[in-house]
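Asks: Sequence:
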Amino acid sequence: MFKSSLARRVTSGMAAFAASLGLVVAAGPQAAADESDRCPANSFCVFQYEGWKGEMKIITSSQTKLGTWNNRISSFVNNSGKWATAYLGENYTTTDSDIMIITDYNGAISSLGSKWNNTISSIRVGASEYEVTSGKPYMEWGSDYWGKRPAGLPAANQFGDLNNDGLSDLLERAADGRLWFLNGIRKADGSTTGKLVGGGWNAMTQLVRHGDYNGDAKEDLYARDTTGVLWFYPGRGDGTFGTRVRVGGGWNTMREISAAGDLTGDGRRDLLARDTEGVLWLYPGNGKGIFGSRKVSGTGGWNAMNRLVAPGDMNGDGKADLIARDGNRVLWLYPGLDTGKFGSRKQLPYAWPLDSPVISVGDVGGDGKSDLMRPINYQLFIYHGNGTGGIGGPWADMSWDNAPKVRVF
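Residue 5 is where the sequence shown starts when you use the numbering used here, and the numbers rise one by one after that.
Each hint should be verified, as a subset may be incorrect.
[Claimed, not checked] Dumping the calculated DSS-like pairs for lysine-lysine here, alpha-carbon to alpha-carbon at most 25 Å: (1) Lys292 - Lys222; (2) Lys350 - Lys292; (3) Lys69 - Lys57.
[As the list claims (entries may be wrong)] What follows is a list of derived Cβ distance ranges for each label pair: (4) Gly232 - Thr72: 48 to 54 Å; (5) Ser348 - Ala45: 52 to 58 Å; (6) Gly396 - Asp220: 32 to 38 Å; (7) Thr230 - Gly304: 26 to 32 Å; (8) Gly241 - Lys299: 27 to 33 Å; (9) Ser65 - Leu341: 51 to 57 Å; (10) Glu94 - Asp220: 48 to 54 Å.
Since the hints were derived computationally from the structure, they do not count as laboratory data. Being a predicted model, the structure only gives us computed values, none of them experimental. We put the CB at the ideal spot given by N, CA and C, even for glycine.
Work the whole structure out from these sequences, hints included.
Replies: Okay, structure coming up:
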């Protein structure tokens with residue numbers, strides 16, 4: 005289907021989204037023999053006339069101007085995994101704030117209706133609805149609004165800052181597999197800038213980070229690929245990473261992996277993994293990015309949990325804690341004991357939807373206390389920690405790309 009929508013960009017609130025004004029045309033069953041099959045597989049094609057007749061053009065990238073195709077499009081076929089937006093004016097402008105949103109794998113539309121037939125002057129193409137409506141391939145993240153973290157944070161809370169500038173950073177794997185570094189610094193107009201780390205990260209089934217794992221004072225990254233190999237990516241201190249190192253194979257037996265900080269009190273950061281049987285395993289770090297022999301951290305029952313989050317020290321005792329969400333949308337705080345195990349859990353407030361991630365990059369608010377985050381629709385909300393194991397109410401902070409393959413950590 006395609007939608008006619010009023011696109012609204014709010015840079016001051018760091019939100020960009022399209023509010024649908026209603027369905028214009030839905031793709032019905034396609035006739036057995038028509039000219040839409042001229043469009044190749046995995047392609048987005050536009051046609052000169054209704055019913056996919058006349059000349060055809062394959063659109064592979066965004067077009068600020070359509071040249072000889074300006075005001076000549078009357079039907080289309082989208083067999084690709086790309087989203088698109090069409091505009092009445094050049095350079096993605098329109099006369100009445102109305103735009104056309106074309107979904108991925110939309111199929112064939114034989115007529116665009118009186119408003120859109122022969123009136124399209126520019127087309128934007130992207131990996132998600134967020135990208136084509138906002139015009140950016142990455143999300144807006146402006147943690148400088150809250151200010152820098154205080155100096156001298158305890159070791160358990162020294163994570164989440166990839167370039168060591170005192171602001172919490174994010175990594176975003178976009179829907180097309182590109183990995184973006186979001187440094188949290190806003191420009192004068194309120195917008196932010198993403199730095200491309202690289203492409204191909206859709207080959208990874210898990211992506212986790214939690215501070216410095218090899219002793220060089222730069223935050224690192226772990227990634228598990230589709231074959232079950234776990235890789236260590238040493239941080240360079242600028243939001244990018246050096247040559248990866250193979251940690252080991254067989255990690256696809258783990259349902260979830262979490263870089264969790266120092267859980268044993270030896271000054272080295274560790275890894276947690278939950279297997280398919282519900283056992284929680286501790287992998288003690290060796291201070292060089294690799295791990296020693298695993299130990300049981302929790303026996304059975306952890307398969308009731310569907311999300312593990314490492315927030316650092318949430319309760320103010322200087323020890324790294326663990327957050328887990330169960331199947332009833334309840335969020336639990338497990339206080340760390342510095343022994344690789346956890347104390348009695350405490351329930352946190354609010355319901356936490358099962359289809360949304362729970363995120364922590366430590367102190368976002370600039371007060372030295374670890375915070376939690378989660379998306380709601382098109383925005384990311386911060387739940388500020390109080391330093392004693394509790395959290396406050398949600399604060400809307402940034403725009404959110406809700407495409408299924410997006411991963412923010």
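Asks: Evaluate each hint against the coordinates.
Replies: Structure-based check of all given hints:
no. : hint                        : verdict
1   : Lys292 - Lys222             : holds, 12 Å
2   : Lys350 - Lys292             : violated, 33 Å
3   : Lys69 - Lys57               : holds, 22 Å
4   : Gly232 - Thr72: 48 to 54 Å  : holds, 51 Å
5   : Ser348 - Ala45: 52 to 58 Å  : holds, 56 Å
6   : Gly396 - Asp220: 32 to 38 Å : holds, 35 Å
7   : Thr230 - Gly304: 26 to 32 Å : holds, 28 Å
8   : Gly241 - Lys299: 27 to 33 Å : holds, 31 Å
9   : Ser65 - Leu341: 51 to 57 Å  : holds, 54 Å
10  : Glu94 - Asp220: 48 to 54 Å  : holds, 49 Å
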